[in-house]
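There are 4 protein chains.
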Amino acid sequence: MTQAVGTSLIARIKGLAKLWLDVAGSAKGGETLSFAPDLPDDDLERLRKQMLACLEGKGGEVSARARAAALGREYLSLSAEGRRRFLRLMAGFGPDTARVGGATQALLAAGDDDQARLSAEAALRTALEPPYARLLTQFNALPEGVKFLVDLRAELMGMAKGDARLTALAKELKDLLAAWFDVGFLELQRITWRSPACVLEKIMAYEAVHAIQGWGDLKNRLDSDRRLYAFFHPRMPEEPLIFVEVALVRGIAGNVHELLDPHAPVGNPDEADTAIFYSINNAQRGLDGISFGNFLIKKVVEELSREFPRLKNFATLSPLPGFRPWLVEKLAEGEAGLLLPAEHRTLTQLSNGQGAKGSLKALVDDGDWANDPMIAETLRAPLTRLAARYVAQEKRTGQGRALDPVAHFHLSNGARVERLNWLADTSAKGMKQSLGLMINYLYKLDEIETNHESYSGTGKVAVSSDIRGLLKV
Amino acid sequence: MTQAVGTSLIARIKGLAKLWLDVAGSAKGGETLSFAPDLPDDDLERLRKQMLACLEGKGGEVSARARAAALGREYLSLSAEGRRRFLRLMAGFGPDTARVGGATQALLAAGDDDQARLSAEAALRTALEPPYARLLTQFNALPEGVKFLVDLRAELMGMAKGDARLTALAKELKDLLAAWFDVGFLELQRITWRSPACVLEKIMAYEAVHAIQGWGDLKNRLDSDRRLYAFFHPRMPEEPLIFVEVALVRGIAGNVHELLDPHAPVGNPDEADTAIFYSINNAQRGLDGISFGNFLIKKVVEELSREFPRLKNFATLSPLPGFRPWLVEKLAEGEAGLLLPAEHRTLTQLSNGQGAKGSLKALVDDGDWANDPMIAETLRAPLTRLAARYVAQEKRTGQGRALDPVAHFHLSNGARVERLNWLADTSAKGMKQSLGLMINYLYKLDEIETNHESYSGTGKVAVSSDIRGLLKV
Amino acid sequence: MTQAVGTSLIARIKGLAKLWLDVAGSAKGGETLSFAPDLPDDDLERLRKQMLACLEGKGGEVSARARAAALGREYLSLSAEGRRRFLRLMAGFGPDTARVGGATQALLAAGDDDQARLSAEAALRTALEPPYARLLTQFNALPEGVKFLVDLRAELMGMAKGDARLTALAKELKDLLAAWFDVGFLELQRITWRSPACVLEKIMAYEAVHAIQGWGDLKNRLDSDRRLYAFFHPRMPEEPLIFVEVALVRGIAGNVHELLDPHAPVGNPDEADTAIFYSINNAQRGLDGISFGNFLIKKVVEELSREFPRLKNFATLSPLPGFRPWLVEKLAEGEAGLLLPAEHRTLTQLSNGQGAKGSLKALVDDGDWANDPMIAETLRAPLTRLAARYVAQEKRTGQGRALDPVAHFHLSNGARVERLNWLADTSAKGMKQSLGLMINYLYKLDEIETNHESYSGTGKVAVSSDIRGLLKV
Amino acid sequence: MTQAVGTSLIARIKGLAKLWLDVAGSAKGGETLSFAPDLPDDDLERLRKQMLACLEGKGGEVSARARAAALGREYLSLSAEGRRRFLRLMAGFGPDTARVGGATQALLAAGDDDQARLSAEAALRTALEPPYARLLTQFNALPEGVKFLVDLRAELMGMAKGDARLTALAKELKDLLAAWFDVGFLELQRITWRSPACVLEKIMAYEAVHAIQGWGDLKNRLDSDRRLYAFFHPRMPEEPLIFVEVALVRGIAGNVHELLDPHAPVGNPDEADTAIFYSINNAQRGLDGISFGNFLIKKVVEELSREFPRLKNFATLSPLPGFRPWLVEKLAEGEAGLLLPAEHRTLTQLSNGQGAKGSLKALVDDGDWANDPMIAETLRAPLTRLAARYVAQEKRTGQGRALDPVAHFHLSNGARVERLNWLADTSAKGMKQSLGLMINYLYKLDEIETNHESYSGTGKVAVSSDIRGLLKV
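Protein chains in written order, with my numbering: chain A, 8 to 480; chain B, 8 to 480; chain C, 8 to 480; chain D, 8 to 480.
Next up, chain A with everything else stripped away, as it sits in the complex (with noise of 0.2 Å):
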């Protein structure tokens, strides 16, 4: 028997309503409802009619959106547990159990006929689709509606753990979100001081790497030896998803603190020979998992070399954010292995004479090390070589993975390992992660392929002569 999917879908809904008791017809669209904060059961039940009200697209599809915008807006005026127990609420409508276990042994017992087996295959597959899948797509009839529905799954995913239901609604979310998000959709925008004060507002409060200071810094990063590029979504016009900032230089950058010294002189970038991306922020919790940071860059890399071709080198200027901690626990263990024994032997008579709490340990618990120029020298080159290895060498348990986020990051964009530097982020935040080192990975347009190909396929991390020559030590 073939059956039109809507009508089927219509009565699988009914199937599930039988569960709840007389489902109202009486929701028009655009309509305020009006539950409590928490949700109480009473409140409950009204908004069950309603999501089926929706499902049922009663009155129509364009009624039924704007009846799911009503209830859309009701989630926005819930309370946290309000909103869970409405998620919960949502989640209930999952697939058809019997229609399922029918399509499953459908499937079964189509055997080696392929004919038989591609038409079970899509039965079991539109069984498997959840309505809920039908009522998280109606929400994109608010005015914000996509926004509303990233930030949804920025709720849901702290939500969801260790709850089953969630959890599949949380996937179906995701799943939807990365086909509307594809890559293919965005737009690479250019943000200047021209860009509307809303958006540069949003990259203010979105910059998380190296915090804006406040509106001088911000037209100081944008002045015109600096550039800074966003994605943007076209239904979400005024929330950048993703966002890189770079310096246009003379040669590859090696501190952060110059670089965005409001008070240096603006450069010429029609001189300059190096593209410096020194922050890359994802914008949107919610899009977690859609990855577009590797488009932006090679677009970004792109659109630079059109503007100003004589550009040669594209490199980041990156922190280490897991080097501090993975040498704390290397240290827990003890420090051999770690230092040379010259190094042990001078770091051991610094500390007798200077005060200095007299190991490797103590120093990289203490965070103003970095103001003795004699300790920090004699750090220097042990650091270095231990950052070097950090960065080039381990691995997260059992994969092929780099331990470190960012270092994942750009070695699987086919980025290499390119130059240490030495108390090139002094900050507190510089100090506490890295320990005062950054990074420059650099992106060579003819290895990004191959380097992509070695990293994902065994772990194997692309390094400079330089760096190959700490990790010789």
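It is worth saying that the hints were derived from the structure and are not from the lab.
Honestly, I wouldn't trust all of these hints.
Since copy identity is lost for identical chains, a pair holds within one copy or between any two.
Calculated lysine to aspartate or glutamate pairs in the EDC-like style (CA-CA distance at most 20 Å, straight line) [claimed, not checked]:
id, residue 1, residue 2
1, Lys178, Asp473
2, Lys439, Glu336
3, Lys209, Asp295
4, Lys181, Glu136
5, Lys226, Glu208
What you are looking at is a predicted structure, and each value in this text was computed from that prediction instead of being measured.
With chain A fixed as given, assemble chains B, C and D onto it according to the hints.
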């Protein structure tokens, strides 16, 4: 065992790849392939490898997309047979049967354990996702990637009949397009004489209801007492998806020749009380079954209400494209029951006196009767009555759905059958399809939901009292 | 003898050029000049040749404009003294005295012969056109040429005082700008939080009535119950020319602190019945005397009426910037006639009891009285009455024009004096200029023309009945 | 006595007004006037009052502009005779003769006193400004005010001949338009198949060099190996002012039929080395004498050089519109000196043998000779030589200016005469004007200034060595 989705996908593809010989890894992004138009077997083998390289994301996703774009360009250079072979090859990258089997077993084993069931359902859905879905998405990297996929589906629908593999591929593509063409992403644009010539050219090509005779005719349809609205997708900015042509008039218009007459005086739209939707066209065959006509009509009603607060009627002037074919079929069964005795008498007399061919059947077969005022007057009452019956009461076999496709569209949008217009379209097409009749469907804002519910629930058709009168005879 | 204008212009310039030495013809378009900042005489000589090359259109008009642009860039690099010398040199390219003399004689000779007179007038006008007018126009070739000329005029106005040559140059420039900034060319734009940051930055810099405290304050002034409109010129797209800030409220607002309070709740603009224009600013000094304030107000009234049909009052909340200076002057002549006897008595008692400084004069000199509720209450009636008199009756010596500049602006636009507001602006500036008072000018659409005519014809000031009451005391 | 300009203007106008009867003050902004199409004297009287009300700024400048707009609408409804009367009436609001007389005397009195002279000159210029200038400006308040004035000038130029008053009005309008249409305000736009249909429609209407046959022909001229650029004014955004059509080809094109052939294959613009400017059209008669053709050409050269770095030649393919008329005139004086003896002989023989009409004169009168290969071949050398002489050596009587208008345009832009092309335009128009010849003017960037200077200074025409060869015969 947990395993990253990406890796397992590659594993599956590699499994499939065993079917073929050595997989060269040399494919580079953006490279030029070159296959013979008919894709002989040798080319097929190279093509297989190319597709595999895309699916494996060789050289990273950016490169994989560039490679997919090269494949897409290649597809366009192929002959019809070459394209069929291309698509069948692609459709071969379907779900891994063994994995589907395993997941099916896991679901059966889950039994009543909710948690286990949810997780098994998720795994099964993933297993059922065909790898070619990824390749389809990658085609979005083509400069006009979305349009490419829309056109691809149009072709695929033709080829897929009776071919289960291609049918599955076509279904996947439809689902992808349905997600991308969610109505929330579409932009309503008014088309005017200020619109780009390249868009107007397409409007002319896509108008199928009342063909546009040239740029002059088009300009007339864009005059100040006319409106033309279209939906666009942000990634197909020069391709109307669906469009509607509206005349702003006084009173409900009943004759399309008068509406389209380029010599008619231009009305004052601010004095109009009625908006006549006289032509609605789906412009993209590749979006068949992904419906936004009802959204278009309701958006346009909103838009017009805002611009012209005096408008009080929103009605169509539509053909009855299946009326004559239906009547011919009925007449083949005999004229009895179609004509009243008096009508039958008059007709017989007329034919005797005037040389007409003696029966309703003969007249209906003859396109010329409209030119004979006496015959036309004689036919007026019976044909109008039969048209009312056809539109309001005839259903598709075994369904609640109106037999006439245009009627079904407007009725399921919540319109009502308002008025039948005699000799309203005497063009060759109008006579051949609708025996010269046209119909007004009326969109009354406060009835739309109820009408829709009645029609979609029980098949009940809303009609005006005039039409009700005709149905009682 | 008739002669083409272009040729004769060159001839005249060549005549002038005899004053200087050899005229080098080597100047190339776009070349870099380089003068010492103070323009010593040697540089002056080279500059003369450059200007001459522009005036002669050497190498064609395209090249001449490029050369003028180089001159403009040079001007910008000069010191104040250098710029003065530059402009005086330029002003030397005035009309050819001999030619003017000849044309004058021709006009005298024409006598009553209409034809001869018209032709002589035309010839005389042409003779009176200074060649430097052409050079001014050529500066338009600079990338921001219009802004350059606007700023040039701002500088020139300062230098021209007492210098007849520079005065003539300044007058020419004003006429040029008046033609270019014809109100028909200006674009009304609404400024919102979506506007480019570079424009918002200028709004902050140019607001002189109620200074904007920072980006937060600005955002508050752009909230949904506020409006900010500006006029722009198509060739200065990022430079507001004049802007007005509007609050949408219920009832005519009387206190600017409440209006600007960032913590006040946001009103619903759709429920507002009154638009309060609380700040109007001319942003370009170089456009002084080229007036579009009245056009701005009337355009904004139209715009707001369209968007918010419920608005029924359009009023300002304005300072009386000359009130205190005027009162101080009056008090210097003696308090008699300013206070009623009873008021004088109360004030004397108060000052005795409270340590106030014994007289209205002393109080007015003392910015602090507003903090003493009893004194403030005592001053309320007399100061309000005197303010009414000041605004409605005091005129510039020998003219029908209101003494207060803000009053003159609104009265000549056709507004009426509606209401005086006590302690409405107690900022330092508000006390110093307006003794804390603010005034509402009301724009009643059906009175505007009559009010304008009365005021501009006879100096009669339209007032409300409240104000009329105050004037009778 | 100093007096505000505005007041004195009103005083002057009031003086003029004495000529007419009572001046009604009731005119309101935006009101509807209604004059008979021919403007009989009664209407003239009412019109006079309306104009006066505008000039006096009755009810404020905003109202005055609205009133002027009403006048403008009225003008458009008048007959040709009505318009002439309207304009003559308007031209009557000229300078106040008495005031001009006084200012003239003041200037004579100033003598050698620089300060007095400058101030007297300024006063005289002000006195000479006609009040109607203000009215012209006020028409800018019409919705398409700038276009109105441009078209007004086109009409005025026709009427003004022999009418000193209208000539003065026309001169004033030209000066106003010259200020408004300063080249710095114009926008260069590329016209493509994506341009608004309403703009393309005008391009088709305005193309006068090689008429466009329809939308298909136009589309062909906008193909990927073609460019069409136009200047626009920001207040006439849908009205091209001047436009140029360019073909991107290999080698300097010599035949316009090949260039315009819609069946010719589309070239690859990236491989082109030559840009051929094959048609330049002024689109607005009302801007005659306000020249921006040279700016257009140079901007387009810049634009093309940027987009296609391989381009090395920029040349026109132009007609010689005055060649045949000139030759006919010369032949009327006798053939001697035009043909070489050998040429004369061959021609005579040919005519005997072939029935040709015996002389160059007869052939030139006969449009058909191009179809006879032998005659055509015989004429090739002498006509080409005579064309070279015509273009490079024939001057307007008593001037250094080339006789051919197209030649004059390109030569004064700095181009050189590069090549003559035989049978390059054999259309009826091409034969009638240019005897089938076309010419390439070459713009060599490093010669432009020198060529311009030589030509505009001494009338010397730059030619290629080929042309020089032809001139030596």
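Checked hints:
1. Lys178 - Asp473: Neither, since 44 Å and 54 Å both go past 20 Å.
2. Lys439 - Glu336: Cα proximity of Lys439 and Glu336: one copy only (14 Å, versus 67 Å across).
3. Lys209 - Asp295: within (18 Å within a copy, 38 Å between copies)
4. Lys181 - Glu136: both (14 Å within a copy, 15 Å between copies)
5. Lys226 - Glu208: Both ways: Lys226 and Glu208 sit 12 Å apart in one copy and 11 Å across, limit 20 Å.
The structure fails hint 1 only (numbered hints given earlier).
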